[in-house]
Amino acid sequence: MTVLHDLIFDYTLRNVALGSMLLGIISGVLGSYAMLRRQGLLGDTLAHAALPGICVAFMLTGSRATIVLLLGAGIAGWLGTMLLLHTVRETKLSEDTMLGVVLSVFFGVGVLLLTMLQHWENANQAGLDRYLFGQAAALVAADVRLFAILGAVALLVVALFAKEFKLLAFDPAFAGSLGWPVRGFDVLLTSLLIIAVVIGLQTVGVVLMAAMVIGPGAAARQWTDRLHVMLPLAGVFGGAAGVIGAVISVQAARLPTGPMIILSLTAIVVASLLLAPRHGLVPEAIRRRGHHARLVAPSLSRGDPA
Amino acid sequence: MTPSMVILLTGVLCAVACSLLGTFLILRRMAMMTDAISHAILPGLVAGYVIAGGSNLLVGAAGAAGAAMLTVTLVEALRRTGRLDGGASIGIVFPAMFALGTVLVTRYFAGVHLDTDAILYGNIEFAFFERLYLGGHDLGPQSLWVMGGLVAGNLTFLLLFFKELKLTSFDAGLAAAMGFSPLVLHYTLMLVLSFTTVGAFTAVGAILVVALVIVAAATAYLLTERLIAMVAGSAAIGAGSAISGYWLAIRIDGSVAGAIVTMTGVCFGLALLFSPSSGLVSRARQHRQNRRRFTLDLLIAHLGSRERSGQPGSGATAAQLGAALRWPASQVRSTVARGIAEGMLTQAERGVRLSPTGRAAVDGMRRT
Amino acid sequence: MTATLAPTPTAPLAAAVSRPDERAAAVAVRGLTVAYRDTPVLWNIDLDIPAGTLTAIIGPNGAGKSTLLKALLGLVPVAAGTAEILGGSLAARRRRIGYVPQRGSVDWQFPTNALDVVTMGTYGRLGWIRRPGRAERARARQSLEQVGLADFADRQISQLSGGQQQRVFLARALAQDADLYIMDEPFAGVDAQTERAIIDLLQTLRNQGKTVVCVHHDLETAPAYFDWLVLLNVRAIAAGPFASTFTADHLRATYGGALTLLRHRVGSGALS
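Residue numbers (the numbering used here), protein chains in the order written: chain A, 1 to 306; chain B, 307 to 674; chain C, 675 to 946.
Hints are computed from structural coordinates only; laboratory data are not their basis. Owing to the predicted nature of the structure, the values given are computational and were not obtained by experimental measurement. The reader is advised that the hints may include incorrect statements.
One side only, chain B facing chain C, incomplete, derived with CB under 10 Å [as the list claims (entries may be wrong)]:
1. Thr387
2. Gly388
3. Arg597
4. Phe600
5. His608
6. Ser611
7. Ala625
8. Gln626
9. Ala630
10. Val642
Taking lysine to aspartate or glutamate pairs in the EDC-like style, the calculated list, with each CA pair at most 20 Å apart, reads [as the list claims (entries may be wrong)]:
11. A:Lys92 with B:Glu531
12. B:Lys472 with B:Glu531
13. A:Lys163 with C:Asp781
14. A:Lys163 with C:Asp874
15. B:Lys469 with B:Glu531
16. A:Lys163 with A:Asp186
17. A:Lys163 with C:Asp828
All C-beta atoms in this analysis are idealised placements derived from N, C-alpha and C, irrespective of residue type, glycine included.
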């Protein structure tokens, strides 16, 4: 009960848990679309590509306000994605290669800018590098409010365009034949994913963001065959991983929140892959055994040598 | 050797060792596997640290290679369940490994050598001070031995298995039919990659390793299609980026690793824009030329079918052409002008008609 | 031997045939040229497909058959020329088109069931943001029934056989309640029984006065299935009533020298 008490009354834990939960919900829902469109690792690339944007935003404004830095991150992530898509369309380089190129080059430029800032006089960049590993413990009420607003906008758009996004993810050619602006919806969906990623930077950091995008959807998919169930379920799994990770990390000294969130999420994914009634590996093995018994047993009972 | 010579040489050797492998990784669409491995070795490094009771190069490398192999196997196993595609499998496995490693580091080794900044940035700046001792003798900077060994090892690997790598990278099915096991080669390549990653990791950090492995090779791929040229080219681009990157880092007082990667990015950007064969600029120019040729072909084909359908002689006005082809007036004007300049069209009483050359061209088009 | 038609491939085809009922063209294409990157995939196509026909588009691989369908639907950029649908512009006629893409173009592992996929056929009429309601689902059920899959409405789409998946796509097009159906290889990879069921359905649609345009591969079955033919190989080689257009000369012009096997078959009467 103390955990529950702390969740409600402990200022720090409440903010951390709320922020992590919001991140889990948003990235779970939007990541599901990315996963279904086989763009799971786009989240990874977006997260890394955001770093130079954070640095440039700080250099230009001198401000360390979350909204300013996240705006920079979003713009850089957006540029990286457009470069990726354009290059894959126009050259022989594969999507896999370009994911790696954009990820590592943008990040390298970011590291260079970050170290330059460290050496600048009068410019204390402290606080920027928390975007690398995330610092959920440093989330304050204002951050949580910002996450809530961004998340509400993103989820509202998803709710409004549920039918459009579903068709876009399943059969874009058919959507185009209806006269829908497929490219426009594509950009909209990617922009929403960027919102999820920039929220995640501050909480779990660049490296772990890939799992926040892919994990909840991958887990939810095992429990259901319907998109309108999968999306909220992915939100629940992501949110639960956020809260569980936050709670575990305050149980002992020096347990970093971001990695604990990811490990909680990984546990959910593994449990889902193994145990989900519909697609889990264990129920499937049991079913197969049953089939086997039904197929083999009667012939044995008849004493059939075959 | 001065400290800056050591840093420079370490950077060059590191970039060469990494980019030698990159060609085969991008041809096999395994760029993001490199990303996964470079992160996933962290718990292996920690385990090596615990087993050896301190920082030990060989034990650490063994632990990291074990973690890398575990990652490759787990990704493959997840993919084979049929529940997740390759990308999603990678995205589940490596963050879990990295998270595990981070927890271990912060919980048990806070403040010791394995600090988290080094994971992301590397510490090539201290290359001179990390010496290799054997029996009390100072053999010089450890990084030079490690990176030199990696370059030699990777070169040997390529020389021994070049034929097999070439075959399995282009056509895994054919290779299997000819008796080369793509799976064995796959795991061997992953093992070599993981050793390279461990070695490079200490110099440039987890994420920037990815750049050294992939970006130089992707740049070379934009410039050539020949496999040998790609391998040699990516090594050269890697070395050039290391040298210019070090210069850049000194100039603007920033991270050496970050600057080296920035320079590989600059090389990639230049190749992407200006490569004669597949650069965006030459493609756009080619595109424009083709489009011009194409619209002129359309125009003379249209004039040809007008003649055949019995409207010869007097020619077609720009307005008629625009209406028939549904082209804007400007496109009709410029295409007609080009057709006259190329001798395909001649002026008629009203508008233009086909010249004998143009008519021959139309007949040629109809025959093909 | 089959009768030889005029060899000029670009003769005004629709006008050359005498069809008892002079109906308006369902598809009227003029000077259509489509380029992928730098090579023309479709070159200067003039084409009329009369309303009320069951039309096959036939040609070798890379002839631009799918591209022609996509150009009609506005899915690929057009370098030159125009296409009119049902006597009007594409934008004005979209609601009256049903589309069946290639079955292999989507991921059948997608988390959805047969009824839901068929309901997507009603999205065009619904417009944006509005969600499908009871009327739309009833329409979808009815379409599923028409293709004989009423019992499979709740089945996850990956649990359907290839033939059933193809019929789900067909039902989705039926739910669009269109006047012109554009289908990309509706018979690819389906069993004989499904093929029979599909062609029965298409002929029923035609008999109701709808127009059906299919990309088709099988030269053996084509004469029995279709009543109008478009032979395509980057250019429109020939088009017209099936029997008079499906000639050895036209097929040779379409498939070039690569069709020695077919010439042999024509000679032996397999195409009669």
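Cross-check of the supplied hints:
With a cut of 10 Å, the hint placing Thr387 (chain B) at the interface with chain C is violated, because the nearest CB-to-CB distance is about 12 Å. At about 9 Å, the closest approach between the beta carbon of Gly388 (chain B) and any beta carbon in chain C falls short of 10 Å, and the interface hint on this residue holds. This hint holds: Arg597 (chain B) has a C-beta 8 Å from the nearest C-beta of chain C, less than the 10 Å allowed. A cut of 10 Å between beta carbons decides the hint on Phe600 (chain B): the least distance to chain C is about 7 Å, and the hint holds.
Restraint check, His608 (chain B) versus chain C: the minimum CB separation of about 7 Å is within 10 Å; hint holds. Because the closest C-beta pair between Ser611 (chain B) and chain C is about 6 Å apart, less than 10 Å, the hint holds. For Ala625 (chain B), the suggested interface contact is broken, since its CB lies about 16 Å from the closest CB of chain C, more than 10 Å. The criterion of a C-beta within 10 Å of any C-beta in chain C is not met by Gln626 (chain B), whose closest approach is roughly 13 Å, and the hint is violated.
Taking 10 Å as the C-beta contact cut-off toward chain C, the hint placing Ala630 (chain B) at the interface holds, the least distance being around 7 Å. At its closest, the beta carbon of Val642 (chain B) sits 15 Å from a beta carbon of chain C; the interface hint therefore is violated under the 10 Å criterion. For the given pair, Lys92 (chain A) sits about 10 Å from Glu531 (chain B) by alpha-carbon distance, which is consistent with the 20 Å threshold. Distance restraint check for Lys472 (chain B) and Glu531 (chain B): the Cα-Cα separation of roughly 13 Å lies within the 20 Å cut-off, and the hinted pair is therefore satisfied.
Taking the CA atoms of Lys163 (chain A) and Asp781 (chain C), the gap is near 17 Å; set against the 20 Å cutoff, the hint holds. The hinted pair formed by Lys163 (chain A) and Asp874 (chain C) fails the criterion: a straight-line CA distance of about 32 Å is larger than 20 Å. For the proposed pair Lys469 (chain B) and Glu531 (chain B), the alpha carbon gap of about 16 Å is at most 20 Å, so the pair holds. At roughly 14 Å between alpha-carbon atoms, Lys163 (chain A) and Asp186 (chain A) fall within 20 Å of each other, so this suggested pair holds.
Between the alpha carbons of Lys163 (chain A) and Asp828 (chain C) the distance comes to roughly 18 Å, so the proposed pair stays at or under 20 Å and holds.
Comparing the model with each earlier hint shows violations of hints 1, 7, 8, 10, 14; every other hint is respected.
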